[in-house]
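Order-wise, the sequence lines are chains D and B.
Numbered according to the working numbering, the first sequence spans residues 84 to 200.
Numbered according to the working numbering, the second sequence spans residues 98 to 205.
Since the hints were made in silico from the structure, they are not lab data.
One should not assume that every hint holds.
[Stated by the list, open to error] List time: in silico DSSO-like cross-link candidates among lysine-lysine, alpha-carbon distance up to 30 Å:
no. : chain 1 : residue 1 : chain 2 : residue 2
1   : D       : 147       : B       : 99
2   : B       : 139       : D       : 147
3   : B       : 142       : B       : 99
4   : B       : 176       : D       : 124
5   : D       : 124       : B       : 142
6   : D       : 97        : B       : 99
[To be verified] Have a look at the derived ranges for each label pair, beta carbon to beta carbon:
no. : chain 1 : residue 1 : chain 2 : residue 2 : range
7   : B       : 129       : D       : 138       : 24 to 34 Å
8   : D       : 156       : B       : 173       : 38 to 48 Å
9   : B       : 102       : D       : 144       : 12 to 22 Å
10  : D       : 151       : B       : 138       : 39 to 49 Å
11  : D       : 155       : B       : 112       : 43 to 53 Å
12  : B       : 123       : D       : 147       : 26 to 36 Å
13  : B       : 112       : D       : 147       : 44 to 54 Å
14  : D       : 122       : B       : 100       : 12 to 22 Å
15  : D       : 112       : B       : 115       : 39 to 49 Å
[As the list claims (entries may be wrong)] Some chain D residues close to chain B (C-beta under 10 Å, calculated; not the full set):
no. : residue
16  : 99
17  : 111
18  : 115
19  : 119
20  : 123
21  : 125
22  : 132
23  : 136
24  : 177
25  : 180
26  : 188
27  : 189
28  : 193
29  : 198
Glycine included, each C-beta is placed from N, C-alpha and C at the ideal position.
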Amino acid sequence: GAVVSQHPSRVICKSGTSVKIECRSLDFQATTMFWYRQFPKQSLMLMATSNEGSKATYEQGVEKDKFLINHASLTLSTLTVTSAHPEDSSFYICSARAGQGTGDTQYFGPGTRLTVL
Amino acid sequence: RKEVEQDPGPFNVPEGATVAFNCTYSNSASQSFFWYRQDCRKEPKLLMSVYSSGNEDGRFTAQLNRASQYISLLIRDSKLSDSATYLCVVKAGNQFYFGTGTSLTVIP
Chain D
84 GAVVSQHPSR
94 VICKSGTSVK
104 IECRSLDFQA
114 TTMFWYRQFP
124 KQSLMLMATS
134 NEGSKATYEQ
144 GVEKDKFLIN
154 HASLTLSTLT
164 VTSAHPEDSS
174 FYICSARAGQ
184 GTGDTQYFGP
194 GTRLTVL
Chain B
98 RKEVEQDPGP
108 FNVPEGATVA
118 FNCTYSNSAS
128 QSFFWYRQDC
138 RKEPKLLMSV
148 YSSGNEDGRF
158 TAQLNRASQY
168 ISLLIRDSKL
178 SDSATYLCVV
188 KAGNQFYFGT
198 GTSLTVIP
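Chain B on its own, in the form it takes in the complex (with noise of 0.2 Å):
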């Protein structure tokens, strides 16, 4: 079973809507969680962290339920610039752990 899992997408959104990735992972002593953000060609850049009380920054909302064991993100009125690949991260001990990532594509 791998350490993290995402839904690999993709997913296909219109402009404006509301879309939600979630993110499982096995460890249950993870202890640090993050969404990353990959364009096409770049490097991967850190989106947010997530907190156990969830937090939001702009129209990006993560959530964390540890019972579940899965992380969220939810991205609110998609812009077209929203296109990337999302990638769920999760640190347990010293180690990080990737998700190979959810494409989001916003349609015009």
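Bound-form chain D, shown alone (with noise of 0.2 Å):
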């Protein structure tokens, strides 16, 4: 199947600060990449679709000033959550769209998790 990685796998930060996670599909080209986060024994959310060139879509609920996303090539998106808090620890995960090609569905990163102190 299609490769995608993030990075980091896991990061822990001071409450305040922002955090940047890199999400890339490593052997195809992904025009659509999604944004979900999970915490623990609960299921996937999806945060936001990302579409390469244009404005990512935000799913109801989640702030896009506070989840600031990139998508600047077919291969890169990136997540970058801002003045991060104790709440927003979790484990994020992208997601990139694979053509018809390779069976149009989504193949996922290894996720990122996030503490916040």
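Since each chain comes alone in its own frame, lean on the hints to assemble the complex.
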């Protein structure tokens, strides 16, 4: 299957700092990437859909000014958690949509575990 | 009503058992269907796509019933390593809809 990388895999930061997470599709071009958040023992929650070259579409209840998304190229999307607080601690997972030739489904990155102290 | 619904379980089955999960979807225009597997504290991984005629991959069989709007996953001869959460995913248009997942634990 297609490969998606995510960096960093784990980050611990102080409250008030900003954290940037990168998501890359390594062997395919992804016009659409998705950002999810998952709290312990809960299901995936879609935060936003990121389209290359245009503004991200945020789900209801997700603050666009707090979770900045940039999808500057067909292989890279970034999520910046601005002024992080302890309640932002979570498992952040990106996925990239592969095209028809590769099943037109989503492939997930390995996730970033964010802990805000 | 949720777009995709799954029984969260948990399903606790002995090794070697056969277990089946169902998933229902609400949008009759949905065109693609998938099963993902998510291990604890890991990302979801694509297990298999679900085709209209049904498809099999080793011990795993997926089926689609468009009339009743459900998909199923059958796991035969369960292994300990099958313990995970199984996510049903339905694609309608450009949107992907995830079920909440069904938890499976295979017991020695």
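For each hint, the structure was consulted:
With a C-alpha separation of about 24 Å, the suggested pair residue 147 of chain D and residue 99 of chain B falls inside the 30 Å cut-off, and the hint holds. Annotation: proposed proximity of residue 139 of chain B to residue 147 of chain D holds, straight-line Cα distance about 26 Å (limit 30 Å). This hinted pair checks out: residue 142 of chain B and residue 99 of chain B have alpha carbons roughly 22 Å apart, not beyond 30 Å. Proposed proximity of residue 176 of chain B and residue 124 of chain D is supported: the alpha carbons are some 23 Å apart, at most 30 Å.
Note on residue 124 of chain D and residue 142 of chain B: the hinted pairing holds, with a Cα-Cα distance of about 17 Å set against a maximum of 30 Å. The hinted pair formed by residue 97 of chain D and residue 99 of chain B fails the criterion: a straight-line CA distance of about 37 Å is larger than 30 Å. At roughly 26 Å, the beta carbons of residue 129 of chain B and residue 138 of chain D sit within the given window of 24 to 34 Å. A C-beta distance of roughly 43 Å is found between residue 156 of chain D and residue 173 of chain B, which places it inside the suggested range of 38 to 48 Å.
Restraint check, residue 102 of chain B to residue 144 of chain D: a C-beta distance of roughly 21 Å satisfies the suggested window 12 to 22 Å. At roughly 26 Å, the beta-carbon separation of residue 151 of chain D and residue 138 of chain B lies outside the given 39 to 49 Å, and the hint is violated. The supplied range of 43 to 53 Å is met by residue 155 of chain D and residue 112 of chain B, whose beta-carbon atoms lie about 48 Å from each other. Between residue 123 of chain B and residue 147 of chain D the beta carbon distance is about 28 Å. The supplied range of 26 to 36 Å therefore holds.
Taken as a hint, the range 44 to 54 Å holds for the pair residue 112 of chain B and residue 147 of chain D, whose Cβ atoms sit roughly 48 Å apart. The hinted window of 12 to 22 Å between residue 122 of chain D and residue 100 of chain B holds, with their beta carbons roughly 20 Å apart. Between residue 112 of chain D and residue 115 of chain B the C-beta distance comes to about 40 Å, which sits within the given range of 39 to 49 Å. A cut of 10 Å between beta carbons decides the hint on residue 99 of chain D: the least distance to chain B is about 26 Å, and the hint is violated.
Taken as an interface hint, residue 111 of chain D does not check out: its beta carbon lies about 14 Å from the nearest beta carbon of chain B, beyond 10 Å. Interface restraint check for residue 115 of chain D: the shortest CB-CB distance to chain B comes to about 7 Å, inside 10 Å, so the restraint holds. Checking residue 119 of chain D against chain B: minimum C-beta separation of about 9 Å stays under 10 Å; hint holds. Using the Cβ-Cβ criterion of 10 Å, the hint placing residue 123 of chain D at the interface with chain B is satisfied: the shortest such distance is roughly 9 Å.
Among the interface hints, the one on residue 125 of chain D holds; its C-beta lies about 8 Å from the nearest C-beta in chain B, closer than the 10 Å criterion. With a least beta-carbon distance of about 8 Å to chain B, the hint placing residue 132 of chain D at the interface is held under the 10 Å criterion. Annotation: residue 136 of chain D was flagged as interfacial toward chain B, and the flag is violated, the nearest CB pair being 16 Å apart, outside 10 Å. A distance limit of 10 Å between C-beta atoms decides the matter here; for residue 177 of chain D the minimum to chain B is near 9 Å, and the interface restraint holds.
Given the 10 Å rule on beta carbons, the hint for residue 180 of chain D holds: about 8 Å separates it from the nearest Cβ of chain B. With a cut of 10 Å, the hint placing residue 188 of chain D at the interface with chain B holds, because the nearest CB-to-CB distance is about 5 Å. Taking 10 Å as the C-beta contact cut-off toward chain B, the hint placing residue 189 of chain D at the interface holds, the least distance being around 6 Å. Nearest Cβ of chain B to the Cβ of residue 193 of chain D: about 5 Å, under the 10 Å cut. The hint holds.
Nearest Cβ of chain B to the Cβ of residue 198 of chain D: about 13 Å, over the 10 Å cut. The hint is violated.
In the structure shown, a violation is registered for the earlier hints numbered 6, 10, 16, 17, 23 and 29, in ascending order.
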